[in-house]
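Protein chains in written order, with this note's numbering: chain A, 1 to 296; chain B, 1001 to 1332; chain C, 2001 to 2363; chain D, 3001 to 3363; chain E, 4001 to 4388.
Because the hints were derived from the structure by calculation, they are not lab data. Any given hint could turn out to be false.
Stated by the list, open to error - Below, computed lysine-lysine pairings styled on BS3-like, alpha-carbon distance capped at 25 angstroms:
id, chain 1, residue 1, chain 2, residue 2
1, A, Lys-17, B, Lys-1319
2, B, Lys-1319, D, Lys-3131
3, E, Lys-4031, B, Lys-1273
4, C, Lys-2168, D, Lys-3357
5, B, Lys-1225, D, Lys-3168
6, D, Lys-3168, C, Lys-2357
7, B, Lys-1225, D, Lys-3357
8, A, Lys-17, A, Lys-101
9, E, Lys-4191, A, Lys-53
Stated by the list, open to error - Here are a few chain E residues that face chain A, going by a calculated C-beta distance under 7 angstroms:
id, residue
10, Arg-4045
11, Gln-4162
12, Gln-4163
13, Asn-4219
14, Asp-4335
15, Asp-4353
16, Asp-4360
17, Asn-4367
18, Pro-4369
To be verified - Pairwise CB distance ranges, derived in the manner of DEER restraints:
id, chain 1, residue 1, chain 2, residue 2, range
19, A, Ala-81, E, Ala-4145, 25 to 31 angstroms
20, D, Ala-3104, A, Ala-81, 43 to 49 angstroms
21, A, Glu-74, E, Glu-4190, 35 to 41 angstroms
22, A, Trp-286, B, Gln-1221, 36 to 42 angstroms
23, C, Lys-2131, A, Glu-74, 38 to 44 angstroms
24, A, Lys-101, D, Asn-3009, 53 to 59 angstroms
25, A, Lys-101, E, Lys-4216, 27 to 33 angstroms
We treat Cβ as the ideally placed atom computed from N, Cα and C, and that holds for glycine.
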Amino acid sequence: MAAATRPARWHRNISAKVAAVPMIITAVVVFIGGTAWTVLYSFTNSKLLPREKFVGLAQYDRLWSSSKWLISIENLAIYGAFSLIFSLLIGFMLAALLDQKIRFEDTFRTILLYPFALSFIVTGLAWQWILNPDFGIQHVVRSLGWESFNFDPLYNPEIVIYGILIAGLWQGTGLIMCLMLAGLRGIDEDIWKAAKIDGIPMWKTYLFIVIPMMRGIFITAIVLIASGIIKVYDLVVAQTGGGPGISSEVPAKYVYDAMFLSQNLGQGFAASTMMLLTVVIIVVPWAYLEFGGKRK
Amino acid sequence: MTKTPHLLKGSMKYDAGPAEAGPDRALRHGDGTPSGSRMVEGPAGRKPRKALSRRNILIYGTLIVVCLYYLLPLYVMIVTSLKGMPEIRLGNIFSPPVEITFQPWVKAWAEACTGLNCDGLSRGFFNSVKILIPSVILSIAIASVNGYALANWRFKGSETFFTILIVGAFIPYQVMIYPIVIMLREIGLYGSLTGLVIVHTIFGMPILTLLFRNYFASVPQELFKAARVDGAGFWAIYFQIMVPMSLPIFVVAMILQVTGIWNDFLFGVIYTKPDLYPMTVQLNNIVNSTQGVKEYNVNMAATILTGLVPLTIYFISGKLFVRGIAAGAVKG
Amino acid sequence: MEPSISINNLSLSFGSLDVLKDLNLDVGQGEFLVLLGSSGCGKSTLLNCIAGLLDVTGGQIFIGGRNVTWEEPSQRGIGMVFQSYALYPQMTVAGNLSFGLKNAGLPKAEIQERVNRAAKVLQIEPLLNRKPAALSGGQRQRAAIGRALVRDADVFLFDEPLSNLDAKLRADLRVEIKQLHQKLSNTMIYVTHDQIEAMTLADRIAIMRGGQILQLASPNEIYNRPANKYVAEFIGSPTMNFFEGELEEAGGNYRFTSGGKTFSLDGYTFQNGPPAAGAAWFGIRPEHMVSGAEADTALVRLDGQVELVEPLGSDTLVRFTTGDQTLWVRMDGQANIRHGDAITVGFDPARANLFDKTSESRL
Amino acid sequence: MEPSISINNLSLSFGSLDVLKDLNLDVGQGEFLVLLGSSGCGKSTLLNCIAGLLDVTGGQIFIGGRNVTWEEPSQRGIGMVFQSYALYPQMTVAGNLSFGLKNAGLPKAEIQERVNRAAKVLQIEPLLNRKPAALSGGQRQRAAIGRALVRDADVFLFDEPLSNLDAKLRADLRVEIKQLHQKLSNTMIYVTHDQIEAMTLADRIAIMRGGQILQLASPNEIYNRPANKYVAEFIGSPTMNFFEGELEEAGGNYRFTSGGKTFSLDGYTFQNGPPAAGAAWFGIRPEHMVSGAEADTALVRLDGQVELVEPLGSDTLVRFTTGDQTLWVRMDGQANIRHGDAITVGFDPARANLFDKTSESRL
Amino acid sequence: TDLEVTHWWTSGGEAAAVAEFAKAFDATGNKWVDGAIAGSGGTARPIMISRITGGDPMGATQFNHGRQAEELVEAGLMRDLTDIAEEGNWKEVIHPSSLLDSCTLDGRIYCVPVNIHSQQWLWLNNKVFEDNGLAVPTNWDEYAAAAPKLQEAGIVPLAMGQQPWQTTLAFQVLLTALAGPEAYTKIFGEKDAELAGSEEMAKVFQAAATARDMSKDSNVQGWNDATTMVITGKAAGQIMGDWAQGEFQVANQVAGEDYTCLPGLGVNEVIMTGGDAFYFPKVDDPAITEAQGELAKVMLSPEAQVAFNLKKGSLPVRGDVDLAAANDCMKKGLDILAKGNVIQSPDQLMSADSLTQVNDLFVEFFNNPSMTAEDAQSMFASIVGNAD
Ligand SMILES: Nc1ncnc2c1ncn2[C@@H]1O[C@H](COP(=O)(O)OP(=O)(O)OP(=O)(O)O)[C@@H](O)[C@H]1O
Ligand SMILES: Nc1ncnc2c1ncn2[C@@H]1O[C@H](COP(=O)(O)OP(=O)(O)OP(=O)(O)O)[C@@H](O)[C@H]1O
Ligand SMILES: [Mg+2]
Ligand SMILES: [Mg+2]
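Please construct the entire structure, taking both the sequences and the accompanying hints into account.
Next up, the structure:
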């Protein structure tokens, strides 16, 4: 009789393991390897090329005493919070609207999604014009007779980040909408019926039944949005170039500028290490809860 | 009739429905219905879908308003691309072109110069296609299989690798440029199309894997069990059960990747040679010249032209946005 | 009695498939109506129409005298149990039960109490904090019933609520539902495949076929005086035995001839007075046939050979052949009978059912 | 007989919930085993373990003499029908049926033929080109059965395959399954809640409770000689009537006293020879009680008052009280009896079942 | 031999200029393979560096001369051109000679300077001044004095784009023009923090504050948008490099008539010898090495220099060529160059890293009206003090 214990099982599930090889390589070699490399070089004073001239924490000192970096972080926090909330909110609401068996769904969906297809290098310019007080919306409204109308988000350091948000949402919500729509399409019709019988208003059905059922999609969307936020760069460059002044700087731009404009790789690496550290602090505990062993 | 007391007053309010209760009941018992038909007055048959119901006004109204917001920049871009430079320099950005000219479009497509090569966007078009197709297919294929393995065939350690992958989604691309240059150089793929396809696959992997993993996890387990009993292995289940049931999410993945890869400029130019440069290099060159006169109309035309391929794909793929996991296929 | 639910000329199609066709039905206030019918005949569809979950193609629906044809499901004052459960997967069982109530703004204590009561009735108290995914099939079904029960609606619609439960629990719940019905005296429409449920629960049974109602009558009537051959065949297990033959009249006395045998129909009461002679079906239920000593005294006797024996414990079902006819007979659970045995069975033609050959309706 | 399926000390837990506990079971080659048990007792879980769809926590599973504990489901040579249907929603019914065969690489013609055969048996030919979403509940279930049938596997696992079908179709399919079994003589494990199915189909029945098998025996044995009170109560509808009392011995003759009444147990055969006297349960099935004229000649007689009458058509179930005891009795379908009537019922104690008071096992 | 040359000259005029090099190079029997990538620093540079470090270098690449390429040279990735330079006697021909200095590391020459760009210009719309009853200013002080009047008339005195480099450019121009070339060289070249913080420099910062005030209503991003403001009369003037002239020409404006150009703000007429240079990565293929040498020679040949710079609108690096076709403003530039009033560009003097810090400072200064000139000065002094 064969052994009663569990056999060695490396060969079980073999296809799954083979299928996961690219992921494992990517995770270990590229992401871990690349990150380790980045962290290592953040302790050097590499300029144009990575060089092993270690300078301890000097790069970090400089990073945290740079007002540009501090403003970047602050902007990221504001932009991130609003962008996350509004992307999810608008994306979901649009998806819910499109899911009402409406006519011209394809057309509406494409309209909402098209900004995602256009590179921001130029659409940024279009937005810059539209928001320009001298010939954009403010100008139009004023010429219609409302003289005191004021709308110049990109030119006011106080609110420039919200101006960027307007364009950011314009570009990004379409994709979130599609994602949500895909999620909604996966929900059993009978659930809707049960909720209707229970007399649950539409919004509550969405809020308490459908959204929790779409947990996976929401997590995906959040990761998608959040990783986009962390990397936000061309949006800012195209619209304000970080201005007015440095009032719309963001960390990714700081990294990019440090690495390729100032040619101070070490500084860029230090900044990205800080960004990664933040991500790791937030993502790892969450990922542990979300994907950790607890479930079968 | 005696009405049983309502314990759930709130949820079952008996709104007096639109003018039916009184008169029709009288009719009913007057037996005034001719020739055995029991039809009486009041709502009957299919609920009429009024074109201008409150619900429709709300839905379409909202959508139309939102669409205006989404279309405004496109309008500006199109209008601008049809104007000549003097008109742009002096005119209102919202005003329609006085003299429509298609010259900017022609120029963007076929004449704009990139250094010495004056053949516009058309130059890189086929390179872009050559990059797009394998990259999209490979990245979606690998990520979806991966997500499927993670959702349905977990093995020890799979979640750890996945967590690393998710953290990887947050790494700014720029940081990875040099390490990847070094890696590609070491495996001898630097400068080749294969190398670029691999890079796209790597950077697409975190989000796509998450996308697929979470979607597949929502497919009822019993379907997966049934397929295993049916003798379907890892691949058969993937291709014949999971993929057909997950079309909407494949569409999303495709949208994500087609857009990302088609519009990619940095990787395309860093990891390949000039004869493989994608169309976006041209676009960048048209748009991003630091000095000299900016031809806004050409820029706008070029951008719209570049966006046409993803846009076409969005539109075509719309048909695949069917209901995914069909209702009631599974009980419980 | 004022009808609680009244359905007039209801029809419904899915595309070109007509599922319900000009259906009429009145359900009295407080009545317990059971819908029976073969799979795919439109029972669930009819319930969905009553609940307002499907838009009808034609006709009207009244609930409590109010025309609700175009009303929202939640305004119709109904509770419903779905065939596919449709539990909210991310809520616990308790959450599933209480969600509708919370939404109606009931006080917490009341909700708590109702949920507990339903949980107790359904024996799901220990499961209240589990999510549907961690329940067995039957447990899910009970949770789904619970969700409807707590609503105390005027009209309850049940779509095969007990089909996944074991006999004991089913019997318990059956009694519970019956008592509930008596206590609340609300109208109930109940779809089932289980004839025992149908017979014991129903005030009236509606037999459906192909989107139409063939017979709507009390259980007793349906069982003893089925309106047509389909109903006769559908009700009863094992199914009714049929002889194909000729109805003959001789001076006011009727006889039935089939395969060389002739039965006198003296005790039989015709549905609509004496019919014309002609081709007909003669049906007799397995439990109305007697065997052994009793058969000797029966009015009609048949000799046959046992083909199949199915001991059920409480009864034994025997299939035997006589001539070219195969018949079922139900015998005592202790009957000592074997494949191949020769038996004699008898019956009283007064208990038979006669159907016209062409129209298949009861004679 | 070489066991076809052999399960040794199988256990399975979901987290801290032990669903199966050290379960042992041998199923003979070609045997038809029915699993019966209350909802949530672990029947589906056991089937899933056998099929290899759940990784066991401990123990071993042999199929055809081969240790398959860690083998892939598809390598175990099984076919399975799921409680929740689990039809592939994007494939037509025909696609669902042929999927497994295509995977096995069968030739097209053969697939076609098998699919058609199964479709015919299950009466789903007109539905072959529909997708599951456009089927009624019962139609889906039939498609799910079809998917298992076409596989011609060595071992079939059925998880309540007939629970949503109407009685007529269920009876037909039951016979089909039985015939199929006889023809193919493959091993079948069948979970059901329907006792008629269990009794008619099974070679042996396994009664489960809380993840363990309480009794594994032939239907007849289970029905007539239940191993303990739980089994006795679980099998039979309405459920067995119980008297709580004392078993007394007087010179080799046993008597049972309960509520002032004493029954002689002369005809009763004890399970393990004469037991010690003591507290015990005395059980008698409703269908083993007689009424009317027959009651007069019965060995034990009880007088009571009718409390509830449930006419089933073929039978009538009557609940009556005698003393402080409530009992069910099954009577003829034509019995003319009413709530409040006084009746006398009788029974033969030889047909009774005695259970020890504490261990609840059969005496 | 095919030689791939990367550069970021993609606009019309630039491309035409590059074509001249290509033509000249092709004439030697080789083939110029064009690898243009628009967007200097941020975009093109990482690409070029990746190509070089990835082991798949181009044949030649444009780079801002200055200290940017130092590390590549130090890492041994760049070809030493000293022998070719000696053969071509570059030390003599290249004028001003400081251009070659920035190509030199440890006495070896690694790059070929190809042009000089001048930045120190003030562009004025004559009509705006005349319409408001003002004389067209001839220097910075007059211009600043006219500002309040212009502002009253609803005209933006100084147009300025929001991009960081534009503000920095403005400051550097103010510094060289008002404090003089010596001070500039001391501060950027010798990192004289003391001077940077001195009284003398304070007036530069005051002027910067004035400029900030003058430009506060300028709501545009691109430099050319700012130029358009000047052309259309919305603004009176702009501080910008010689490339702004192209915009005026496109709008059919005539120098001296419609607009005025004041080099060095009309105070100190100097020109910064910033410009572009070509580097040649080391390669194994001898044929390519050969072609690289050819290209280096071709680029400095007088014919190519003339043809190239005429198209490019910049000044040639050779003093011995004749530019008869140059326009008015360009001639002014040539004059200054001939007089030797040249300074080195900050690129050549300071590391990119420090320059970015300076950049950041002025971006902030120009956009934050609450930042005083004194604050800015002291921060500037500390950056200079720590610069390398
Ligand atoms: N995934 C799960 N996680 C936790 N508990 C589970 C899970 N699946 C089933 N259970 C529990 O295990 C027990 C056995 O479940 P199983 O499905 O085997 O019951 P069953 O005998 O098939 O019942 P039914 O007749 O109602 O289908 C139940 O108590 C159930 O709640
Ligand atoms: N969405 C749909 N599209 C097309 N046909 C449908 C759809 N839903 C149901 N049908 C068809 O309508 C008919 C009636 O279905 P219904 O669900 O009402 O049957 P049912 O009487 O409830 O059967 P069961 O007892 O098997 O549940 C069936 O033939 C079914 O195939
Ligand atoms: Mg149904
Ligand atoms: Mg089960």
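May I ask which of the numbered hints given earlier this structure violates, with the numbers listed in increasing order? Hints 1, 5, 7, 8, 14, 18, 19, 20, 22 and 25 not satisfied by this model.
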